[in-house]
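**Q** Chains as they are written, first to last, in this note's numbering: chain A, 1 to 103; chain B, 104 to 206.
Simulated from the structure, these hints should not be mistaken for laboratory data.
Note that beta-carbon positions come from the ideal geometry of N, C-alpha and C, so glycine has one too.
Honestly, I wouldn't trust all of these hints.
According to the in silico footprint, chain A covers these stretches of chain B (three or more CB under 8 Å from chain A) [what the hints assert, rightly or not]:
#: 1; stretch: 106-120
#: 2; stretch: 140-146
#: 3; stretch: 191-202
With beta-carbon atoms standing in for the labels, derived distance ranges [what the hints assert, rightly or not]:
#: 4; chain 1: B; residue 1: Gly179; chain 2: A; residue 2: Ala81; range: 41 to 49 Å
#: 5; chain 1: A; residue 1: Met1; chain 2: B; residue 2: Asp169; range: 23 to 31 Å
#: 6; chain 1: B; residue 1: Met121; chain 2: A; residue 2: Val40; range: 19 to 27 Å
#: 7; chain 1: A; residue 1: Lys24; chain 2: B; residue 2: Gly137; range: 32 to 40 Å
#: 8; chain 1: A; residue 1: Lys14; chain 2: B; residue 2: Lys127; range: 18 to 26 Å
#: 9; chain 1: B; residue 1: His181; chain 2: A; residue 2: Pro87; range: 39 to 47 Å
#: 10; chain 1: B; residue 1: Asn194; chain 2: A; residue 2: Ile103; range: 15 to 23 Å
#: 11; chain 1: B; residue 1: Gly187; chain 2: A; residue 2: Ile103; range: 38 to 46 Å
Protein chains: 2
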Amino acid sequence: MIKVSVFYPNQEGKKFDMGYYCNKHLSMVQQKLGAACKRVDAEQGLGGIEPGSRATYIAMCHLYFDSVEAFQTAFGPHAKAIMGDIPNYTNIQPTIQISEVKI
Amino acid sequence: MIKVSVFYPNQEGKKFDMGYYCNKHLSMVQQKLGAACKRVDAEQGLGGIEPGSRATYIAMCHLYFDSVEAFQTAFGPHAKAIMGDIPNYTNIQPTIQISEVKI
Numbered sequence: 001m002i003k004v005s006v007f008y009p010n011q012e013g014k015k016f017d018m019g020y021y022c023n024k025h026l027s028m029v030q031q032k033l034g035a036a037c038k039r040v041d042a043e044q045g046l047g048g049i050e051p052g053s054r055a056t057y058i059a060m061c062h063l064y065f066d067s068v069e070a071f072q073t074a075f076g077p078h079a080k081a082i083m084g085d086i087p088n089y090t091n092i093q094p095t096i097q098i099s100e101v102k103i
Numbered sequence: 104m105i106k107v108s109v110f111y112p113n114q115e116g117k118k119f120d121m122g123y124y125c126n127k128h129l130s131m132v133q134q135k136l137g138a139a140c141k142r143v144d145a146e147q148g149l150g151g152i153e154p155g156s157r158a159t160y161i162a163m164c165h166l167y168f169d170s171v172e173a174f175q176t177a178f179g180p181h182a183k184a185i186m187g188d189i190p191n192y193t194n195i196q197p198t199i200q201i202s203e204v205k206i
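All chains should be built: construct the whole structure from the sequences, respecting the hints.
**A** In structure tokens:
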């Protein structure tokens, strides 16, 4: 199982519409990716481990697929629509990585 | 539900023993945190979204709790033992954040 993680850095002065992200964007992503996407997790950064510290990421989401190929096949045809929706909820540039699920 | 995410930056020349991390360290963490820890996810970074690019994080783990207080109560008594085990698998300093689970 692989995991595609999207991280939105918690940058001062930037905007992030969590309501749109969870209710509109991620719903659209799941609908477009279909059954190839086995699971979606999304979270909102509260803070760092030290009380009062900032969270590194204001939001993150994680999409699970059986393989990198399954992700690429599902995502490729919809990449433009999915990436094109980003300005509707944020002006933060996300970092993305692909990982292998170990536990 | 809250999520405590631990990120290990993918730094050149540093070591990370994934076998020890998954089989020894995270088993010990789960045993010490007990039932307060509802779920553990761990993954190994494969790469960035662009083919051939590096993953930002060589490893990540995510621990789920009902609340920040539940995490602090479970983790506090074992913080020294858990953090003290880190040098056994890595010389990378992790970043940690607490997030609220949205999806």
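**Q** Compare the structure with each hint and give your call.
**A** Hint check results:
Counting residues of the stretch 106-120 of chain B whose beta-carbon sits less than 8 Å from any beta-carbon of chain A gives 4, enough to reach three: the coverage restraint holds. With 4 residues having a beta carbon nearer than 8 Å to a beta carbon of chain A, the stretch 140-146 of chain B meets the requirement of three or more and the stated coverage holds. Using a Cβ-Cβ cut-off of 8 Å, 5 residues of the stretch 191-202 of chain B lie near chain A, which meets the minimum of three, so the contact claim holds. Roughly 46 Å separates the CB atoms of Gly179(B) and Ala81(A), a value that falls within the hinted 41 to 49 Å.
A beta carbon spacing of about 26 Å between Met1(A) and Asp169(B) agrees with the range 23 to 31 Å that was offered as a hint. Restraint check, Met121(B) to Val40(A): a C-beta distance of roughly 25 Å satisfies the suggested window 19 to 27 Å. Hint check: Lys24(A) to Gly137(B), Cβ distance near 38 Å, so the stated range 32 to 40 Å holds. Under the hint 18 to 26 Å, the C-beta atoms of Lys14(A) and Lys127(B), about 39 Å apart, miss the expected range.
His181(B) and Pro87(A) have their C-beta atoms about 44 Å apart, which keeps the hinted 39 to 47 Å range intact. Between Asn194(B) and Ile103(A) the Cβ separation comes to about 22 Å, which falls inside the hinted range of 15 to 23 Å. For the hinted restraint 38 to 46 Å between Gly187(B) and Ile103(A), the CB-CB distance of approximately 21 Å leaves it violated.
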